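Colleague: Spelled out, the chains give:
There are 4 protein chains.
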Amino acid sequence: MREGGNVDDAARLLISCDDRTGIVAAVTGFLTARGANIITLDQYSTDPTGGRFFMRVSFVGGGDPAELEAVFASSVGERFEMWWRLRRAGEVQRVALMVSREDHCLFDLLWRWRRGELPMDVACVVSNHDVFRADVEAFGLPFHVIPVEKGKKPEAEAALVDLIGGRVDLVVLARYMQILSGDLIDKLAVPIINIHHSFLPAFAGAQPYQRARERGVKLIGATAHYVTEVLDDGPIIEQDVLRVDHRSTADELQRVGRDVERVALARAVRAHLHDHVLVDGTRTIVFPG
Amino acid sequence: MREGGNVDDAARLLISCDDRTGIVAAVTGFLTARGANIITLDQYSTDPTGGRFFMRVSFVGGGDPAELEAVFASSVGERFEMWWRLRRAGEVQRVALMVSREDHCLFDLLWRWRRGELPMDVACVVSNHDVFRADVEAFGLPFHVIPVEKGKKPEAEAALVDLIGGRVDLVVLARYMQILSGDLIDKLAVPIINIHHSFLPAFAGAQPYQRARERGVKLIGATAHYVTEVLDDGPIIEQDVLRVDHRSTADELQRVGRDVERVALARAVRAHLHDHVLVDGTRTIVFPG
Amino acid sequence: MREGGNVDDAARLLISCDDRTGIVAAVTGFLTARGANIITLDQYSTDPTGGRFFMRVSFVGGGDPAELEAVFASSVGERFEMWWRLRRAGEVQRVALMVSREDHCLFDLLWRWRRGELPMDVACVVSNHDVFRADVEAFGLPFHVIPVEKGKKPEAEAALVDLIGGRVDLVVLARYMQILSGDLIDKLAVPIINIHHSFLPAFAGAQPYQRARERGVKLIGATAHYVTEVLDDGPIIEQDVLRVDHRSTADELQRVGRDVERVALARAVRAHLHDHVLVDGTRTIVFPG
Amino acid sequence: MREGGNVDDAARLLISCDDRTGIVAAVTGFLTARGANIITLDQYSTDPTGGRFFMRVSFVGGGDPAELEAVFASSVGERFEMWWRLRRAGEVQRVALMVSREDHCLFDLLWRWRRGELPMDVACVVSNHDVFRADVEAFGLPFHVIPVEKGKKPEAEAALVDLIGGRVDLVVLARYMQILSGDLIDKLAVPIINIHHSFLPAFAGAQPYQRARERGVKLIGATAHYVTEVLDDGPIIEQDVLRVDHRSTADELQRVGRDVERVALARAVRAHLHDHVLVDGTRTIVFPG
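Chains as they are written, first to last, in the numbering used here: chain A, 1 to 289; chain B, 1001 to 1289; chain C, 2001 to 2289; chain D, 3001 to 3289.
Rather than coming from a laboratory, the hints here were simulated on the basis of the structure.
Predicted, not measured: the structure shown is a model, and the values here were computed from it.
It is possible that part of the hints are untrue.
[Unchecked claim] Among chain B residues calculated to face chain D with C-beta under 7 Å, some are:
(1) 1107
(2) 1111
(3) 1137
(4) 1138
(5) 1247
(6) 1255
(7) 1289
The beta carbon of each residue, even a glycine, is placed where N, CA and C say it ideally should be.
Only chain A is shown next, with the shape it has when bound in the complex (with noise of 0.2 Å):
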């Protein structure tokens, strides 16, 4: 069996620590002693000498899940001075989508969420406009409005915090167009996502189709990643790219990068879902599945 869809009724378990000897057969010598059986288990390590170490494993068993967490966390957590934490099964991640004027992103999330592809509660979508009530709300959802005034962003971000804060386990920023402060991030304290355009070269600033077709750019990209207080630079989670030509006016330029946008952004709230990512740094390990 593997997991995927929307029926996932393994646990997970996510471990990084400082790589040395025996970290895998301790993890599984647990689990097995436990009575777990080992589902899907994938591992990496940037170096085995001096290195990090990376591991997920999903299993099936082992009993109740706080004892076997309290036991972990005695037995083989402290002995490596690990960073881990259990997913149990059937425990369904919170999250909230927040949108600004383009929907392209946003109902793509939603029709997936629908039809059973995305393992997800969703919470909410928050919106700086209110443009999208009706279509959010016919799919049973809250739809809420913080407008972000000029001058207003910190009032803005303290009603999100109140509004979210403590209540969803992750953020999607599916074409969300308020940079988020670096407070705000602290406050949320959660993951979050966000997916923007992405040309080879890159090109900074304002009207970046109108540039890229200047430039005469024959892809057009789009990359999802973690949000950090840079904007734009968080780590990587997943990068697609569409063919263009010079044909394509900025507008059409503008409608492919739509359609690479929800495709790459998709793929990482899944990853994510799915307990298949990991940061390490300035870098995510995105293990396969």
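Dock chains B, C and D against chain A, hints included.
Modeller: Relative to the frame of chain A, chains B, C and D by itself:
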């Protein structure tokens, strides 16, 4: 560290057996107890309940390889009724390349080999035509011609067995256009990788590029697979496609076909040489990397 | 300017005829003499000696469209024994969308249409099941159910002809799982675009995803084509593939299949609506753009 | 018929001029009146009102080429103030290939040339290192070494101008790692095609693969472009990408980079040799085919 390139000083253990609880723990526990340091570990189960289990572990250390093999066999291998194979550190596979009259796959492999991208010893190049002798010998490699005359295929196959039987670990059919008999496949008794064109839909029979053109296909593909007695029907290792359009003549479709064939074959050979491929009946498990 | 998006104020002339000297000069000379300004011109000949010639010209100006048509017919069209069609500036095609129980293609088209990516008037959505009524009506579109009961297919097809016959310019089968009879295809007398999964190699018959998994395919594809009486065998408009691996269950292959189907269908419909597609017997000419 | 491969017996007329009404009709009318049979015609306008117009026509017949050129110049060329160039039937471009110490692009081009995929005469291979002499000479080609010693770049560039100046129609930098001065570019006075790696985002400066790995990019790209005085910033002809993941070492990213570089460069050179590329300021028009 990850394996790759032509430097690869980790031993690799490949395993398949019926799936049941405790395999990973047993294997990793064994290796750790022998002082081995696990570098990478990939595993896959077709079904944790009654399915088949596949695993690849690369490691450094572990003491004398012969002793390690012996103890592994008696302690772990027998217990789980495993098929298994240990490739020792530094052990390089000997490969025979076979070709007819098209050079694109052969020389792509040879250039990659010379550049250090394919960790293999090229034992020789064998052809049913004397076309590429000078080019092959320029690589410092022996070139053998075994013509396949009408009605004398058994003699040709016998000559091939005489030449390479027992002397190579892998045969690559780099556009070798003769069908291998089941008898030859049995006698060579090593994996044989073949490459052939693929389309959506498939076009069996003669002149496939002409027929692909008449049907107006938009993609030209290639499939690299292990050879079985059934023509072009063995376990698939790698597939890829390239885009074409209505302007392409049959000749040009063939040019594009060459490009996709050489890429798919090189990836398949590379995956095989790194022991990333395990066969599961009619299909393959290709561990990433 | 190039055509694209939902604003498209250039007329388009599509032509096919036996190839001979002087066609391009005659057509462009005619348009220039009538004061038209050619915006784009694409042409293709299967063989300049005895082949078939295809052309698409978009232009602005040229005076009264009805008069232009009449003069073109008598002066150029007859001389070269052309099949030709003029789509006037601003003329938008009326489209019927048909669906069964899978929504991924239907709603991808509807969202693109609402976003202005597909220049069409959606006349209605027709289904053999009453599953998507609320969702379709939320787009402000009529939703019709025509059940296809066992043994009563002729009656269902008659009802469909009553409903849309003569009222639409195009029918799109967005995962409509009934086979259309040759009689229905004749009576509708407009192009019909279908989408279906494709593999390398092809798997005819039932449970293709299960069989693709058993065979270990590495690519999942989709083909959008015009419907002819022979099932899934009409002229191909667009094809695409996505990569999968051994871990994918049949369910997941189907999820990937949905992604590639909706993309290939949307591209095919878009190319058709922009009059980029001409049929040449068993295949299509798809002019780029 | 469509042009392709190394047999290409149609003349080609390339045109650019300010866009206005009647250009296509004038050019095609001229050719038809001279008895030429148009094989393919591609055209593009940046903007029909005040934009720039680009056209490529291939044709057979038309009488004596020198006379055709003279009449075209005085009748059509002057009237529309065109830049234009006629490549006569059978006229093959002479090309100089330049390389430093990496062979993947050079030998990919040479093998394609030998296989008949690139319609060019290779005048010579020039390098700043004496590394590939034997391999190049095995193709029957002259190999010249022009070392570029510290502080003596002007002398090296002068030697290069002596060697190939006025003797070639195209220079291809197949991983030639010296920056060409503006003076050299002026003196060579022919198009120069370069290939370099590309990422999303871009990494300027040293050790790009190491930095790409640290940033965890998921795609490795390459850009083929015409050389201008600004490093790596000339009009883009072709781009492509390949997928990588966190396991890839910097060395492996480089191996993947080599694969994508050679493919992108070969496509760009092929498009140029078939006269499919026209330059529009900072970007290219690449007609399909």
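Colleague: Look at each hint and say if it fits the structure.
Modeller: How the hints compare with the structure:
1. 1107: This interface hint holds because 6 Å falls under the 7 Å limit.
2. 1111: holds (6 Å)
3. 1137: violated (10 Å)
4. 1138: Hint on residue 1138 of chain B: holds, closest Cβ of chain D at ~5 Å, below 7 Å.
5. 1247: Holds, about 5 Å.
6. 1255: Given a least distance of 6 Å, the restraint on residue 1255 of chain B holds.
7. 1289: holds (6 Å)
Hint 3 from the earlier list is the only one contradicted by this structure; the remaining hints agree with it.
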